[in-house]
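Engineer: As a plain string of letters, each chain reads:
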Amino acid sequence: MTLTGALDAGTELPADERVIDVRDLRMRYGTRDVLDGVSFAARRGEVLALLGPNGAGKTTTIEILEGFRMRSAGAVSVLGVDPAGAGERWRARIGVVLQSWRDHGKWRVRELLKHLGTYYAPYSTAAIRRPWPVDDLLEVVGLIEQAGQRAMRLSGGQRRRLDVAIGIVGRPELLFLDEPTVGFDPAARREFHDLVHRLTDVDETTILLTTHDLDEAEKLADRIVILAQGRIIADGSADALSRQVAGETEIRWTRGGQRFVHSAVEATPFVRQLFLQYGDDIGDLEVRRNSLEDTYMKLVLESEGGLR
Amino acid sequence: MIRSLRIGLARGGIELKQTLTTPTDLWAYFFPALLLLGTVFFMRNAHVPGTTFSLGASTLPGVLGMGLALGGLMTVSQQLVVEREDGTLLRAKATPNGMTSYVVGKAVVVGGMTILSMLLQLIPGVFVVHGLHVSVAGWLTLAWLIPLAFLATMPIGAVIGSLFDSPRNMALAVLPIFGLVAISGIFYPITAMPGWLQGVAQAFPMYWLGLGMRSVFLPDSLASVELTHSWRHFETFGVLAIWVVLGMALAPAILRRMARRESGSAVAARRERAMATMGR
Numbered sequence: 001m002t003l004t005g006a007l008d009a010g011t012e013l014p015a016d017e018r019v020i021d022v023r024d025l026r027m028r029y030g031t032r033d034v035l036d037g038v039s040f041a042a043r044r045g046e047v048l049a050l051l052g053p054n055g056a057g058k059t060t061t062i063e064i065l066e067g068f069r070m071r072s073a074g075a076v077s078v079l080g081v082d083p084a085g086a087g088e089r090w091r092a093r094i095g096v097v098l099q100s101w102r103d104h105g106k107w108r109v110r111e112l113l114k115h116l117g118t119y120y121a122p123y124s125t126a127a128i129r130r131p132w133p134v135d136d137l138l139e140v141v142g143l144i145e146q147a148g149q150r151a152m153r154l155s156g157g158q159r160r161r162l163d164v165a166i167g168i169v170g171r172p173e174l175l176f177l178d179e180p181t182v183g184f185d186p187a188a189r190r191e192f193h194d195l196v197h198r199l200t201d202v203d204e205t206t207i208l209l210t211t212h213d214l215d216e217a218e219k220l221a222d223r224i225v226i227l228a229q230g231r232i233i234a235d236g237s238a239d240a241l242s243r244q245v246a247g248e249t250e251i252r253w254t255r256g257g258q259r260f261v262h263s264a265v266e267a268t269p270f271v272r273q274l275f276l277q278y279g280d281d282i283g284d285l286e287v288r289r290n291s292l293e294d295t296y297m298k299l300v301l302e303s304e305g306g307l308r
Numbered sequence: 001m002i003r004s005l006r007i008g009l010a011r012g013g014i015e016l017k018q019t020l021t022t023p024t025d026l027w028a029y030f031f032p033a034l035l036l037l038g039t040v041f042f043m044r045n046a047h048v049p050g051t052t053f054s055l056g057a058s059t060l061p062g063v064l065g066m067g068l069a070l071g072g073l074m075t076v077s078q079q080l081v082v083e084r085e086d087g088t089l090l091r092a093k094a095t096p097n098g099m100t101s102y103v104v105g106k107a108v109v110v111g112g113m114t115i116l117s118m119l120l121q122l123i124p125g126v127f128v129v130h131g132l133h134v135s136v137a138g139w140l141t142l143a144w145l146i147p148l149a150f151l152a153t154m155p156i157g158a159v160i161g162s163l164f165d166s167p168r169n170m171a172l173a174v175l176p177i178f179g180l181v182a183i184s185g186i187f188y189p190i191t192a193m194p195g196w197l198q199g200v201a202q203a204f205p206m207y208w209l210g211l212g213m214r215s216v217f218l219p220d221s222l223a224s225v226e227l228t229h230s231w232r233h234f235e236t237f238g239v240l241a242i243w244v245v246l247g248m249a250l251a252p253a254i255l256r257r258m259a260r261r262e263s264g265s266a267v268a269a270r271r272e273r274a275m276a277t278m279g280r
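Line by line, the protein sequences give chains A and B. Residues in the first sequence are numbered consecutively from 1, following my numbering. Residues in the second sequence are numbered consecutively from 1, following my numbering.
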């Protein structure tokens, strides 16, 4: 199975639409290649999820894009600039939300957002007013009631929302989210997903996120890039990926009070056959194609097998 | 640049206000002051050998000088190590012009904390011991000595902080600094030290800051118990200026190198190590 068509997806985009453009990125530590010819692109307003097992090179990739790490080789352009030599003006257009921030514990929520906002004021443009007014921002992330609290007194979920607020206080054109919902309860997760949708719908913010939660990737991402052992093994929408991976579809139904489950490579003929045979006796019919999780596991396993 | 400076000043001001409203921080200011006042209280009736001047009164200014040196060297390095571990530094790096404002803010907050601790020791101190007096010339000395003290010690403190990766190995830096306190004539006259130790002590800012503060608060006659029987303002200025130059030459490059290495995974790795050590 090859996904080479999808790998070249980046080159199909017009250059000015490419918020992220990575070509043949390589990263070598000693004799070990952590990234080995990675190429992908993200267009404006897109939510791109970077998936992959631990050690696949996700963090290295994202840190190179954030300008926090130098690369060994390859061409990288983020908002039209090479992050390796980008200045403060570029920095002002980027938002970063990392895992496990614990900084500024003594600062009160409103005070911190107001202070950090002042760094962005010189970079305000007619199109993008920077920074985000604190009261609006508090409302967007749902921290109005905690505005006067010290950061160290916030709950895990609240602290995470503060981190997101800090990440977007400068109204970034591109936002990096590194495992944003780790430790969230389902309600907090849903709120967070709504927030991400709002950012991309209203402000055309481009988002690059990493996550281990495949449900989340499926819900949020327009496109998914899967990284394994330093290479991109798949690039496309969740739907396209599952279509490209041959898999079985699960069909569930009830008949005469009994539940049935069946797996079929071709679901449509099977269901047609089912109705021909039992007609109206069939109830609660469910047809589920490969979940992203199945697709992901297959792709990762295949890539590991292929390299051995 | 002006803007970053202004944001940095605001940052320092906010952090100063925070530390003054945090009970554990306040305790950290009051406790050494209490300890010191207790010490000079018991020394108040003893005399500086060969004079009738109170030993307690003569010790207090030297301790204030030590406070200036410790503020610049230890508070700066400790804060830097702690804030590198908790991600404050990475946050500064992720913010436009964040590092400049971070450094300015740090200088303001540490300077403020140090002066505050000094006042907490000095103001009750003048009621506990007698004989301290500041002349017009003394005020002038303070006006150059205190800024010079910060300029000479804070960059070096930042360099020390950059060299240590975790608050838990900071003891490696703390021990030599306390060794320096012991030989710098703060609590025990430097004239009683062997010649080579006197030489070592005079190479570092600690001794000169102690001497400088004594020159401000003590009567000129007490210069007679110092090395070379003088307050040696010229030498004080000279040695501190050398440290200013040294610190300013080293600190920016070393700070930049440290900042360059900061990333999300570096902070996460440090955090994991911290958790592992605590679990043990």
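Check each hint, because a few of them may be wrong.
To be verified - Below, a list of computed lysine to any residue pairs in the SDA-like style, where the Cα atoms sit at most 25 angstroms apart: (1) K93(B) <-> K219(A); (2) K93(B) <-> E286(A); (3) K219(A) <-> E286(A); (4) K114(A) <-> D33(A); (5) K298(A) <-> K106(A); (6) K17(B) <-> T200(A); (7) K17(B) <-> K219(A); (8) K298(A) <-> G283(A); (9) K114(A) <-> Q79(B); (10) K106(A) <-> L140(B); (11) K106(A) <-> V239(B); (12) K17(B) <-> G148(A); (13) K106(A) <-> F53(B); (14) K106(A) <-> Q78(B); (15) K17(B) <-> E286(A).
These are calculated hints, taken from the structure and not from any lab test.
Engineer: Give a verdict on every hint.
Structural biologist: Hints versus structure:
1. Among the hinted pairs, K93(B) with K219(A) is inconsistent with the structure: their alpha-carbon atoms are about 31 angstroms apart, more than 25 angstroms.
2. Pair hint K93(B) plus E286(A) does not hold up; C-alpha atoms about 50 angstroms apart against a cutoff of 25 angstroms.
3. With a C-alpha separation of about 20 angstroms, the suggested pairing of K219(A) with E286(A) holds against the 25 angstroms cut-off.
4. Distance restraint check for K114(A) and D33(A): the Cα-Cα separation of roughly 42 angstroms exceeds the 25 angstroms cut-off, and the hinted pair is therefore not satisfied.
5. As the CA atoms of K298(A) and K106(A) are separated by approximately 46 angstroms, the hinted pair breaks the 25 angstroms bound.
6. As the CA atoms of K17(B) and T200(A) are separated by approximately 38 angstroms, the hinted pair breaks the 25 angstroms bound.
7. Straight-line distance between C-alpha atoms of K17(B) and K219(A) comes to about 44 angstroms, which puts the hinted pair past the 25 angstroms bound.
8. For the proposed pair K298(A) and G283(A), the alpha carbon gap of about 31 angstroms is over 25 angstroms, so the pair is violated.
9. Distance restraint check for K114(A) and Q79(B): the Cα-Cα separation of roughly 23 angstroms lies within the 25 angstroms cut-off, and the hinted pair is therefore satisfied.
10. Distance restraint check for K106(A) and L140(B): the Cα-Cα separation of roughly 37 angstroms exceeds the 25 angstroms cut-off, and the hinted pair is therefore not satisfied.
11. The hinted pair formed by K106(A) and V239(B) fails the criterion: a straight-line CA distance of about 37 angstroms is larger than 25 angstroms.
12. In summary, the hint linking K17(B) to G148(A) is supported, as the alpha carbons are separated by about 15 angstroms, within the 25 angstroms threshold.
13. Note on K106(A) and F53(B): the hinted pairing is violated, with a Cα-Cα distance of about 45 angstroms set against a maximum of 25 angstroms.
14. Between K106(A) and Q78(B), the direct Cα distance comes to roughly 16 angstroms. Compliance with the 25 angstroms bound is thereby established for this hinted pair.
15. Pair hint K17(B) plus E286(A) does not hold up; C-alpha atoms about 61 angstroms apart against a cutoff of 25 angstroms.
Consistency with the previously given hints fails for numbers 1, 2, 4, 5, 6, 7, 8, 10, 11, 13, 15, ordered from lowest to highest.
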